[in-house]
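> If you want the building blocks of each chain, they are given just below.
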Amino acid sequence: MRKTPLSSRRGTKLLVALLTSFALAAAACGSDDDSSDDGAASVPATTAAAAAAASADDDSGDEMMESISGAIDVTGSSTVEPVTNLLAEAFSEQHPDVAFSVSGPGSGDGHKAAAAGEVPIWNSSRQIKDSEAEDINAAGIEFIELRVGIDGISVITAVSNDSVDCLSFEDLYSLVGIESTGFGSWADANSLNAELGGTGPFSDGALEIFAPGEESGTFDSFIEIALEGVWEHRVEEGHAEESFAVRPDYNASANDNVIIDGIAGNQHSLGWVGFAFADENRDKVKLVEVDGGDGCVAPTPETIASAEFPIARFLYTYIDAAQASDPAIKAFVDFMLSDEGQTYVVDAGYVNLDPADLEQSRSNWANLTTGKTF
Amino acid sequence: MTILTTPAGIATGAADALRKRPGADVAGSAFKWLLIGATVFATGFLAVLLAVMIVDGWDVLSGNLWYFLTHGFSQRSAGEAGVWQGIIGSLQVALVTGVFAVPTGVATAIYLVEYAQGNRFARIVELNIRNLAGVPSIVYGLLGLAVFAQTLRGFSGGTTAIAGGMTLAAMVLPIVVITSVEALKAVPDSLREAAYGVGATKWEVLSRQVLPAALSTILTGTVLALARALGEAAPLILVGAATGFMSFGDANMFETFTGPYTALPVLIFNFARQPGADWGVNAAAASVIILVLVLAVNGLAIYLRNRFERQW
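Chains as they are written, first to last, in my numbering: chain A, 1 to 374; chain B, 1001 to 1312.
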């Protein structure tokens, strides 16, 4: 015998109930969110004033600080993203009404999103390419270019390793370049090193390499700056493969702490991490001097800012000039270039700009200078 | 010995009697143990995964859970970061996904089964929908960016929760259609014929008999599809979900759907790529939270099935 079929009314009721509960859940979340925003809004009257004082080159800032609202989308380099996150977080505490969205798919994606007119602000861990600038201009968008900081990379080994003090780009290539694949000790690299005209021969020891993996911006920068010159030369001469510049057989980690521990635990280790992170761990790792062709230079904030230390790259932020007058965007970029804003560059693990570079960025912004300026 | 009164009882009794002969069914019992082994492996895998995440995320789950649930992303330190916006965003995206995928999917299924049953067009459509279910989610992300975020910018507002939800709706639509088709096909034709026999119109047969009868299976499939949408990160990242800091600003409840958004899986992705072990704890804790959410959704599916299931 069959049960009575479910009445349609019951079915409809159920659907309605489901949809209602979903809507209620969303409503509850939404209203909670509003109240938390209100809570935050009441706090920063004094901080806002402090920020106005701290914000440099900002004559009209005081009246704007009162109630800025709007939306700021930032995308682009994942390397620069932490700086923007810290800036946005601090800015948001002063201006809770501004909606924020920060993401970091990559420098190239940032320039593409800009050319599609999707974002007012985008970051890049390298200067914009001419082709990218043309694409953006072709979309009718003019951009303002700012340097915001420097990503310095340190070559590191164990503190107890006395046999290495300074390495040239040729040395680095002979130890971690694609042609060094399989080298298990420093001595293995000697013949290649001699061929390249490096500073070897190295004193022997087990060569253990710890460095960021392919997904990391530090990986890209290191290859681009330290390895690519020698590598391209070797490819032209037919010695190296064209596909990949770095040896695949090293200990790759996305976690800088793992790299530091690996380096510290192996006397003849070699690796690279962001300068700020290496600097914090000077008790565990030794920061090797690097010779980029002009003699050995030790990495310090000063040598990185002055571009004397060879493995460093500038970090850029680009702004759509047409949106520069938007109150929220203007206030945010003012904050980014302020002395307070610049402290977040260091907090995120990077190095502050040389004063002349910072001044150039500030004047680009103040005068709304468009195009490539560095 | 029980008294055998029904045919099924007699059959069972006969099987019992056979089974008592030792060594009579070696292949059968070997197969049974193989099945048990597979079940233990499958559930054991889940248990280990869950245990590892709970252990890894214990520092946050035990000491800091409330803060973690009620605060937004912070770059300052792992201890200051929370998943609040991710939970909101995931609910928003799931809501939008449901609103777009469920009516469209169920309507498609009703058309295929009740109106176009058996014709060439229906067969081609059904085959294609089944193939669509196997398309990688990242492809839907590209589609979402191009269609929902860019072409339909006027409707979705760009890279917003609406665009993200529509992208996931497109992704789970095949699942909704397929489960709904199966549910409708499972309704016996005798039910339809009986209704027609007493003079019901097609609309009455569908709305009073067939749909209510198929409802529990349709709901189960729909909820499972939403559970899958809840776990997706890759398509949302392409459709502009914030991986970093985000704030709703002064948006009201409705405006948050057309403003910046993020989702729990996107936050997990972000936590996992931050350097430092304490961010890993956050990633594990957030994973446990999303698992609880998905389990709750699946639990709802089971409840709905049991509540409205009909035997034929």
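If you are wondering where the hints come from, they were derived from the structure by calculation, not from laboratory data. Fair warning: there could be bad hints in the mix.
Footprint (simulated), chain B over chain A, 3 or more residues, beta carbon under 8 Å [claimed, not checked]: (1) 105 to 119; (2) 223 to 229; (3) 248 to 258.
Computed Cβ-Cβ distance ranges for the label pairs, DEER-style [said to hold, decoys possible]: (4) B:1080 - A:307: 28 to 36 Å; (5) A:340 - B:1277: 25 to 33 Å; (6) A:293 - B:1050: 48 to 56 Å; (7) B:1254 - A:257: 41 to 49 Å.
The structure presented is a predicted model; accordingly, all values stated were derived computationally and were not measured. The C-beta atom is built at its ideal place from N, Cα and C for all residues, glycine as well.
> The structure should be examined with respect to each hint, and the outcome stated for every one.
Now for the hints, and whether the structure bears them out:
For a cut-off of 8 Å, the count of residues in the segment 105 to 119 of chain A with a CB near a CB of chain B stands at 3, and the three-residue condition holds. Proximity of the segment 223 to 229 of chain A to chain B, defined as three or more residues with a beta carbon under 8 Å from a beta carbon of that chain, is not established by the 0 residues found. Interface restraint, the segment 248 to 258 of chain A with chain B: holds (4 residues with C-beta to C-beta distance below 8 Å; minimum three). For the hinted restraint 28 to 36 Å between residue 1080 of chain B and residue 307 of chain A, the CB-CB distance of approximately 34 Å keeps it satisfied.
Take residue 340 of chain A and residue 1277 of chain B: their Cβ atoms lie about 30 Å apart, and the range 25 to 33 Å holds. For residue 293 of chain A and residue 1050 of chain B, the Cβ-Cβ distance of about 55 Å falls inside the hinted range of 48 to 56 Å, so the restraint holds. Look at residue 1254 of chain B against residue 257 of chain A: about 43 Å separates their beta carbons, and that is inside 41 to 49 Å.
Checked against the numbered hints above, the structure violates only hint 2.
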